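Student: Chains as they are written, first to last, in my numbering: chain A, 1 to 119; chain B, 120 to 228.
These aren't lab readings, by the way, just hints derived from the structure by calculation.
Small disclaimer: the values here were computed from a predicted structure and weren't measured.
Any given hint might turn out to be false.
Example chain A residues on the side facing chain B (calculated, C-beta under 10 Å, incomplete) [to be verified]:
id, residue
1, 56
2, 68
3, 106
4, 113
5, 115
6, 118
Where chain A lies over chain B, by a calculated footprint (3+ residues, C-beta under 8 Å) [to be verified]:
id, segment
7, 163-170
8, 218-224
Quick reminder that beta carbons are idealized off the backbone N, C-alpha and C, glycines included.
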Amino acid sequence: ETGVTQTPRHLVMGMTNKKSLKCEQHLGHNAMYWYKQSAKKPLELMFVYSLEERVENNSVPSRFSPECPNSSHLFLHLHTLQPEDSALYLCASSQDFPGAGASSGNTIYFGEGSWLTVV
Amino acid sequence: QKEVEQNSGPLSVPEGAIASLNCTYSDRGSQSFFWYRQYSGKSPELIMFIYSNGDKEDGRFTAQLNKASQYVSLLIRDSQPSDSATYLCAVQGNNRLAFGKGNQVVVIP
Chain A
1 ETGVTQTPRH
11 LVMGMTNKKS
21 LKCEQHLGHN
31 AMYWYKQSAK
41 KPLELMFVYS
51 LEERVENNSV
61 PSRFSPECPN
71 SSHLFLHLHT
81 LQPEDSALYL
91 CASSQDFPGA
101 GASSGNTIYF
111 GEGSWLTVV
Chain B
120 QKEVEQNSGP
130 LSVPEGAIAS
140 LNCTYSDRGS
150 QSFFWYRQYS
160 GKSPELIMFI
170 YSNGDKEDGR
180 FTAQLNKASQ
190 YVSLLIRDSQ
200 PSDSATYLCA
210 VQGNNRLAFG
220 KGNQVVVIP
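With the rest of the complex left out, here is chain A (with noise of 0.2 Å):
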């Protein structure tokens, strides 16, 4: 079982549906990130969670809208969204936020994902 979990797995929505993809980390780290995968190209940071503040929104559209309620918990608000917005998106968590110099810490680990469908 992971230490990371994400739901829901699966999501189909429409172009003007608003969903949530959300993501709890059992492993009491510091740092959460969001990611997306698409097929064939290399993942691809969205956003990056040091203990509840927003470090980094890697020019992501703003249909896509995170939330960090708590170091545990991250969310991905979705509206309006686009066809080529389907793909894995993926939770990730770590102990310390990257840039802290070479350590075990910087170690992320992923949830399971969230396969999302635009339709």
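Dock chain B against chain A, hints included.
Tutor: The following block gives chain B in isolation, referenced to the frame of chain A:
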């Protein structure tokens, strides 16, 4: 130049052979290096991390890091069909972790 490059196409190896995967990176200041394995339809799972030049062994896996040449490699000894997956190289630099596109490995029984 891409941050992290994994250029090789799908790699087919016979069962029991050694699979060798290479990864190059552009940020000379990078400090931490990771290899993840991703099965089809699943999320990436950590195999190894390495920080220092040289080799690091864990079971059938060996990571090799050469900071002067800016590459990191992964060797899989005694390859098993269960090793068939995509292997992602990740490099930490500039306060972020950058991933390569991955290398698909197919172990042929």
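Student: Confirm or reject each hint.
Tutor: The hints, checked one at a time:
1. 56: holds, 7 Å
2. 68: violated, 17 Å
3. 106: holds, 5 Å
4. 113: holds, 5 Å
5. 115: holds, 8 Å
6. 118: violated, 19 Å
7. 163-170: holds (count 5)
8. 218-224: holds (count 4)
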